[in-house]
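K.L.:
Guided by the hints, dock chain B onto chain A, whose structure is given.
So you can see what is in the structure, the chains are spelled out below.
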Amino acid sequence: MEIHEAAAGPGDGVLDFSHLNLNTLSVDSIREERKRDTKQLYLNHNRLASLPSSICFFSNLELLDISNNGLTAICEDIVGLRKLKTLIAKNNRLDEFSLPKEFGSMQLEVLNFSGNRFEEIPLQFVKLQRLQSLSLGGNRLKSIPAEIENLTSLELLYLGGNLITAIPPELANLPYLSYLVLCDNRIQSVPPQLTRLHSLRSLSLHNNLLTYLPREILSLVHLQELSLRGNPLVVRFVKEMTYDPPSLLELAGRTIKSRNIPYYPCDLPAHLLHYLDLASKCPNPKCAGVYFDSCVRHIKFVDFCGKYRLPLMHYLCSPECTSPCSSNPQSDAESEDESSVPADRLQRVLLG
Amino acid sequence: MEHTEVAKPETLDDLIKMLHEIFKSDNINVEEVQTLMESYESKPQEWKKFAIFDQYRYTRNLVDEGNGKFNLIILCWGEGHGSSIHDHTDSHCFMKMLQGQLKETQFEWPKSQGDMVQKSQRILLENKVAYINDSIGLHRVENASHTEGAVSLHLYSPPFQTCQTFDQRTGHKNTVQMTFWKGPYLGS
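Residue numbers (our numbering), protein chains in the order written: chain A, 1 to 352; chain B, 1001 to 1188.
Check before you lean on any hint, since a few could be wrong.
[Stated by the list, open to error] Listed next, the in silico DSS-like pairs over lysine-lysine satisfying Cα-Cα at most 30 Å (straight line):
(1) A:85 x B:1049
(2) A:39 x B:1048
(3) A:85 x B:1048
(4) B:1048 x A:83
(5) A:39 x B:1103
(6) B:1182 x A:85
(7) B:1043 x A:39
(8) A:35 x B:1182
Don't read these hints as lab results, they were simulated from the structure.
Just so you know, these numbers come straight off a predicted model, no measurement behind them.
So here's chain A without its partners, still in its complex pose:
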């Protein structure tokens, strides 16, 4: 069907050809001048099986919406749209093999491919240096590549409704990430490195497989929204703590460190010096203990702004090392003074 300019409304840089039942798109009847002036082109809600190569004649295009068509691939010519900042291609039949080879060289800032068939985040996406917003909700993603850290301008990452089982620690290297959506996935744990996401304002983790959170999550100072419902979070105090007794090496190392026994490079072989350097301090602030490899995993409940009790994972130097305020270790839902978060820090916690 030929497109006529009249169908699209007043000339203000916007061409709206959405909801027109189009099977193909022929833009020959549109004046060259009109094509050049067009900044936003809406082709969503049609029946396009492919994007025509003539798309490249819209040389000043900044926004293109091709959502809700039957697209299985995106043509090479799109790469010629050097000014394209926003590409919306929701609800098509696209996957990681649908993209043109040079897609990664585009100047895109906003990319929305939700409701498609991606099983992986393609490497072309992570090459988009200017990308601020990436939406891949409702696809078939099984994982997030470590290369996600290359998207240094990223502020919004929507990955809800996929099949993701783990979060790579490299995600924490995104300095501007403020909105992270990982709801409706199969995530079992959150890497403690995420505490480095200083800009994070909203974190959506509802409907996953989390049983606890790393205590580092309390350091996310700017976090205002956190959703955790629909996770099998541990409610009852975990009495059983897994603990492998320490080796002789560990015991000797602990003694040296905790009693401040002086040692010098000439006293010890290099591998033992290195080992002693690896000592970790027990996170219990009232405990001066250290540990090397042998530590106790302990689920601790922290009162989160008085709204609910979050099970957090702690490592303690020994089973005897407990929080000072736990007068009754058998009790349900202990609270931990030192880590209680002031109410103004977390304004909206959607666990409830």
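P.N.:
For chain B alone, coordinates are given in the frame of chain A:
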């Protein structure tokens, strides 16, 4: 109470006028309000100016103050946005879908400490109207779509500024202040 034939509101303004009429009386016929709201066929052009979406959470946009008898509010829900479980401070709550779909999960009032009991769950389709009040129970409303935003029209009578939110795992409650998106709403 006799059943009055209600004329169909053709526009949002019609609907608001008819609601003002109905709410002149102190007795509210829930079915009448529900039917009236359901019979208005959503026309985005009429409410687009109130449909302000926020990246981080759902927004509440005041459309009409109902002469103090009710508040008419448009809520905009981005993908994945949802509310806490909440009550309605002894008021009527009508919720109509203007665009997209919302999932409503109803809960019993917590009687003891522990997981809250779910009563029902449904998807509200475009133009449909749901009703709830405190004697029916509590609910959580969420946009379960990962691809589409949703817009809903809410009527609360009498109007209220605070409500209680509940922790699903324990039943613990908290009183919260409800806020509106600060205007202005431009355009016609």
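K.L.:
Hints the structure violates: just list their numbers, smallest first.
P.N.:
5 and 8
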